[in-house]
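J.: For reference, the chains in residue letters:
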Amino acid sequence: MKSTTCCSKGVGTTAGTIMLMIIFLIFFGVYLYMVNNHVQSTIELNLESSQILKLKSTFALFNASLGNTWLISTVQSIFMTGDESIGCGIDTSNRLPAGYWYWRDPNQDRDGLTDAQGRPIERIPATNKGNVWGRNPQICYPRDNHVLDYLQAKLECEDFLSLKNPMDNVGGVAISFNSGRNVCSGNNGAVASFLLDLNDDNVESKFSQSLAVVYGDGRIDAQTENNIKVMTSLRQMVAAAREAVANLLILGDAHEQHYPVTQYLPGAPDKDSYQSGVKSRVDAILTARVPSGVLATTDIQTDMRAADNSVSNVVPTGLGLVVHYKATATYTETNNAYYYNNGAANTFVKRPIKLEYIAEDYMPALDCTEWPKPANPPRPTAFNWQSTNDMVCCAGYLFSCNVNIPGLDPAQALTVNTRLQNSIWQQGICIDILSGATLSCTPNGFELS
Amino acid sequence: MKGLSMPEDIGMTLILLVVVIMMVVMVFFIYIEVFLKMGSSQSAYSIAFVSIANKPYLITEVLAHTKLGDRQVFEQAIEIATTGSAQNAGAADLPENLTDFMKVYGTREYYISIKSNDMEVMNADSNEYKCGADNEGWCSNKCDVGRVEINDNGNCWFWQSCCKEDKVAYASTVNNYPVVTCGGGRGVCSEGVKPLFQRRTCAQNRLDIGTQECTGATPICCAPKTEENQIAVGNAVKVSVPLLYKLNYGILEVSVK
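Those protein sequences? They're chains A and B, same order as listed.
Taking the numbering used here, the leading residue of the first sequence gets 1, the next gets one more, and so forth.
Taking the numbering used here, the leading residue of the second sequence gets 450, the next gets one more, and so forth.
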């Protein structure tokens, strides 16, 4: 009995232990199976998340990249607009040379202040960018809307909107622009629409495009927008240039009307000091009212000549002096700088936005028909070209003594120790008003004898 | 009493011992099968997956709104892709700035590339574990098949060698294994290293391509730890962002492990 009890007990204990171990093993196996299944399902879920993440992130990142594309494009169009003087002389061809905002043709009469019917002439265009063809001076006068038009034309016609489309494989993602806008070349541009706004201290642009981004079975179709702000005083620079043009017109009119301040007076030391005065006035006009944060620099070239056939519509031939200036004004921003794409050099270079424009005029400096001023009896009036009394106005004609005045008829140019001759008709007219006296050219200039 | 019951007890104890041994062996094989062969890499992969997949996108998102130097990163990238040169784009400092940027986020292994019409024109490489005069090698505990030792230029630990991937140079050395390419040409059948109680792996800073085509003394397919290979084996994810300007097409690629 005892041994039976003993053996049954041993078998039972062993069998129980084995059963427990088998149960433990089963649970362990089930646990491992579940863990493995969980890992597999987690991986599958993560793979799906990864696909969604890739689609979503590629879309968002591409839109962010596109914002920078539009920023660079807007900046380049602003650079071009400033560098090309808002298109003056380019899209106003046959009126002005490129870059000119003001140009007077010396072979045509300067426009009067009124037309034949006595009505004021629209010398500065009221709404258009340039005045009517044939006006003298020809003027380019771009307003804000013209600046915006030019910016828009640059964006559309210089390939800024013609982006690569479609992009078939961006890391496995396909991207395309839909519903693009027709640009001036006739191609379908990437952008659906864009708006430009010109403010005092910035140019704002808003680009809108329709994007389709596809990855696997996932797809995003969306209309996105990018708002760009480029800090620039372009608007104020253009306004300052417009004002300068209006004042240059007034300066030219003043010369035409023999305004004393602008005339070559008998007391002027020489031609150089007179030209210096003209240069100062032009410089003051070009650099006035320049906005803060903008540096104005000028390059003003002047010259003077006797009126001849080349400038006979400024002052009749032989009857006086004509002063000519060609001025280039450059407004340069000092606070803002962006990267300029130099296509020829294949570089992006940091530089400020600039506006450059040119003005050129031929103006009466000395009209001998105005000199001498009413006097009884009339007497010649002496002027200083290079030295004292080396030039006179007599009976409406200009004479020089021992000095070379460009453009002056040799018949009106005397050398030292010569005097006026009746045989030379211009000199004879002068002699006629001298009541028996004559003008002699001496080493000290003209002397009445 | 005890003496009488002893023969049966010994029998049962032996049976129990055999069962226990069998169970220990089974548990050991289950462990080998689940964790060493497949489970450990997959479970680790599963845990790291979200980080691996997310990190490049998160970093690129931050880059999209980051100004390095005097311009936004994307702006510089577009200009580099357009001109085909960081110097021409006035962005010669960008690689260095990107390296400083990545340090801030504690990213040790990355590769940032700017391509213009599929040609790389700029890159910023973490050069982690790289060595040699031009970072052409990797610090490793063993050069193994397909690699030759070069001067580490002071970049490796004293117990490491600087190993450069160069199948031709390796083939010309003595006492070598034959060079057998594997993994679609990415790797070389290698000897690898076999730590105690662990499965065979590639030498340090080499990638196990995971193919089963290698046998014999060189049973493991090992490839250089390049950006492309890291992506191919799923250790890294590459983010691609198009860079457009006029009709120029470029791409910014950010790979992060």
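None of these hints come from the bench; they were simulated from the model.
Keep in mind the model is a prediction, meaning the values are calculated, not measured.
Hints may contain errors.
Stated by the list, open to error - Lysine-lysine pairs mimicking PhoX-like chemistry, simulated, CA-CA at most 25 Å apart: (1) B/591 x A/56; (2) B/695 x A/154; (3) A/154 x A/129.
J.: Next, verify each hint and record whether it holds.
T.: Hints, one by one, checked against the model:
1. Between residue 591 of chain B and residue 56 of chain A the alpha-carbon distance is near 42 Å, which puts this suggested pair outside the 25 Å criterion.
2. The straight-line distance between the Cα atoms of residue 695 of chain B and residue 154 of chain A is roughly 12 Å, inside the 25 Å bound, and the hint therefore holds.
3. Between the alpha carbons of residue 154 of chain A and residue 129 of chain A the distance comes to roughly 17 Å, so the proposed pair stays at or under 25 Å and holds.
Of the numbered hints listed earlier, the single one contradicted by the structure is hint 1.
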